[in-house]
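Trainee: So the protein sequences, as listed, match chains G and R. Under our numbering, think of the first position of the first sequence as 1, with each following residue one higher. Under our numbering, think of the first position of the second sequence as 1, with each following residue one higher.
Hints were generated in silico from the structure; no laboratory data involved. There's no promise every hint is true.
Which bits of chain G does chain R cover? Going by a derived footprint, with three or more residues having C-beta under 8 Å, they are [to be verified]:
#1 255-266
#2 353-367
Calculated from the model, a selection of chain G residues having no Cβ within reach of chain R, i.e. all distances over 10 Å [as the list claims (entries may be wrong)]:
#3 N123
#4 R144
#5 L231
#6 W296
Beta carbons are placed, not taken as given, at the ideal position from N, Cα and C, and that holds for glycine.
Below, each chain spelled out in residue letters.
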Amino acid sequence: MHSEVPPAGEGAAGNSATGNAGGAGAPGGAVSVATPPPPGRPGPRAPYRAPTAQLVLTFFLPPNLTPEAVKYDRRYRTLDKYRFISWFLAVPLVFYLLLVAWPFVQAFYYSLTDWSGYGTEFNFIGFGNYTRLWNDSQFWDATRNSLVLLVLAPVITLALGLFFAYMLNAGGRHRKNETVSGVYGSKFYKIVYFFPQVLSVAIIAVIWARAFSPRSGVVNPLLENVGLGGLTQSDWLGKYGLWVTLLVLCWSFVGFYVVLFSASMGSIPKEIYEASLLDGANRSTTFFRITFPLTWDAIKTGWIYMGIQALDAFAIVSIMIPRQGIDVLPTFLYLKAFRDGDAAYATAVGVVLFLLTLTFALIMMRVGRRDRIEF
Amino acid sequence: MSTTDTADRAESEGTGPARPATDIEEPGKRGRRPREDGGILNVFAHSFLVLWVVMAAAPLLWIVVSAFKTSAEVLSDPFGLPSGLHWANFANAWAEANIGRYAINSLIILSGSLTGTMLLGAMAAYVIARYTFRGNRALHFLFIGGLMFPVFLALVPLFFMMQNLGLLNTRPGLILVYIAYSLPFTIFFLTAFFRTLPSGVHEAAIVDGASHTRTFWQIMMPMAKPGLISIGIFNFLGQWNQFVLPRVLNVGSRDDYVLPQGLAALMVQMGYEGDWGALYAGLTIAMLPVLVVYITFQRQVQAGLTAGALK
Numbered sequence: 001m002h003s004e005v006p007p008a009g010e011g012a013a014g015n016s017a018t019g020n021a022g023g024a025g026a027p028g029g030a031v032s033v034a035t036p037p038p039p040g041r042p043g044p045r046a047p048y049r050a051p052t053a054q055l056v057l058t059f060f061l062p063p064n065l066t067p068e069a070v071k072y073d074r075r076y077r078t079l080d081k082y083r084f085i086s087w088f089l090a091v092p093l094v095f096y097l098l099l100v101a102w103p104f105v106q107a108f109y110y111s112l113t114d115w116s117g118y119g120t121e122f123n124f125i126g127f128g129n130y131t132r133l134w135n136d137s138q139f140w141d142a143t144r145n146s147l148v149l150l151v152l153a154p155v156i157t158l159a160l161g162l163f164f165a166y167m168l169n170a171g172g173r174h175r176k177n178e179t180v181s182g183v184y185g186s187k188f189y190k191i192v193y194f195f196p197q198v199l200s201v202a203i204i205a206v207i208w209a210r211a212f213s214p215r216s217g218v219v220n221p222l223l224e225n226v227g228l229g230g231l232t233q234s235d236w237l238g239k240y241g242l243w244v245t246l247l248v249l250c251w252s253f254v255g256f257y258v259v260l261f262s263a264s265m266g267s268i269p270k271e272i273y274e275a276s277l278l279d280g281a282n283r284s285t286t287f288f289r290i291t292f293p294l295t296w297d298a299i300k301t302g303w304i305y306m307g308i309q310a311l312d313a314f315a316i317v318s319i320m321i322p323r324q325g326i327d328v329l330p331t332f333l334y335l336k337a338f339r340d341g342d343a344a345y346a347t348a349v350g351v352v353l354f355l356l357t358l359t360f361a362l363i364m365m366r367v368g369r370r371d372r373i374e375f
Numbered sequence: 001m002s003t004t005d006t007a008d009r010a011e012s013e014g015t016g017p018a019r020p021a022t023d024i025e026e027p028g029k030r031g032r033r034p035r036e037d038g039g040i041l042n043v044f045a046h047s048f049l050v051l052w053v054v055m056a057a058a059p060l061l062w063i064v065v066s067a068f069k070t071s072a073e074v075l076s077d078p079f080g081l082p083s084g085l086h087w088a089n090f091a092n093a094w095a096e097a098n099i100g101r102y103a104i105n106s107l108i109i110l111s112g113s114l115t116g117t118m119l120l121g122a123m124a125a126y127v128i129a130r131y132t133f134r135g136n137r138a139l140h141f142l143f144i145g146g147l148m149f150p151v152f153l154a155l156v157p158l159f160f161m162m163q164n165l166g167l168l169n170t171r172p173g174l175i176l177v178y179i180a181y182s183l184p185f186t187i188f189f190l191t192a193f194f195r196t197l198p199s200g201v202h203e204a205a206i207v208d209g210a211s212h213t214r215t216f217w218q219i220m221m222p223m224a225k226p227g228l229i230s231i232g233i234f235n236f237l238g239q240w241n242q243f244v245l246p247r248v249l250n251v252g253s254r255d256d257y258v259l260p261q262g263l264a265a266l267m268v269q270m271g272y273e274g275d276w277g278a279l280y281a282g283l284t285i286a287m288l289p290v291l292v293v294y295i296t297f298q299r300q301v302q303a304g305l306t307a308g309a310l311k
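Bound conformation, chain G alone:
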């Protein structure tokens, strides 16, 4: 076991080379008597180099255990930076890769097999699951329902959200020195509208399931009280499950968009409104020519976000709708995977759902493209 003194100072070019080679070959960085270069020596000198093994070791040690020898190596700064980066990234990355990324990748593979979910045996069957889906009427029903939600829920929710947000921000009477003014109590409205957003979707689903209950619910008596007794139903959730789901979905998200659009409208400079008012614009012109274009970015992201929510709807449907009622794609997937023991088939449904989400997002991004207005 040879102990070595790190080469230091000038005239040690050859020495430095040997030192380096020795460091690389030294078993396990057994060097303990590394001395720092004497400071303040004049003249040019080769940079001090710590043994590579120690550098490698340092990478895996916490900073306060860094060997003294390494600290004086000019490469230590880079090493310190990369050590920090990799230490900070390691745990999140491992969790993410293992529990998120890898299952996503696996899903695509499993969808091409006939795996039941029990045991480990399965065969590769190509696009067999997809042809099966193509001929599965239950799947098409679920897809149709999901598509109805995907088209209608964003339109209704965003329209209501925009309407209320505009009313809150510009519906107030004119006050002194203000061209547009919010209604009185707009803060209160926003607080109440936002209620459904902070509640668990499970709570919301239970509440509405109870409200639409034919025996002890409130919807039927309410219809009778306002003279629409003819509209009462004995089985709301079974027969009109899709429309009730749509209602609940919109109900729970309108408040979110009111707050979102309010923030976006609030950031529009008042001068623009003043200018338009001077030019004789009334409120609807102001809305369609000023407010709408300037909130367009928020509307677009909101639209995509709401579409994704509409394609989910899992909790609402699975809690609220009785078994003989409707299915949407996520609930169909759940049943296939965890009730019917058809794991591979279920992942194929998942792939379809993914492609649907992706197509929707891409269409929205293309359709919604406009010149960005900076203000």
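Got chain G; can you put chain R on it based on the hints?
Mentor: Chain R in isolation, oriented as in the chain G frame:
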């Protein structure tokens, strides 16, 4: 009449140049319109706004009121007020229907998963936002790429992976999954946030000899506090209200259910027993604390939940 009106309006707006402009083209018409418009619209606006307040709050209020009714009252008179305060419902919901236990389960899970999410999310986001290294952009895309995939796609493989790891139906398992699935959005949000922070303070700390870790904890984290609060609220509500993941990964014993699962199960159970009062009491217990916290911190909560969409 119309002239005074115009003058009045121009004055009230405090914009001098408005006056000549209005005088040139039909002063009367332009002068009066915005006012009437404002008045009518105001009534119109308010009635719709109030209507939606009723829409948003009435179902919740109905639940709270019904929680005090006996089962007979729930069935016979869904709208009426309760004959008396029937506290037994709450006792039933708490003890027999296990709402307390579900709430505690949720709290235990949340204490682990929220801490983990914030810690790991902030660490990864900080490094991605403030350090240049090979693969930085690729890593960023890898993380935020997770936002594109619906969780349902991963559900089946995830279930079997958890089973193989022995983490199915366990608390640590659920905590890890919550953390992993909250990371993409947390990192997406915090990376953007860390990038907006001024670099001068950071550089000053390095010049003063602070280590990377120390800079992170003592300089950058305090500076990122507003962002951390926003995303913290977002994650808290998201994980507290999470339904899909526990529904699939936490199906062992009913005693281990988290609150949303418990409420869904409670509805089924009370449907058999016909004890709707206890269900409503359970919902009230689950609902009120969240609403109270929300009303107290409503500005932060609204900002936190809409923060993602604004970016």
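Trainee: Enumerate the violated hints, using their earlier numbering and listing them in ascending order.
Mentor: Result: no hint breaks.
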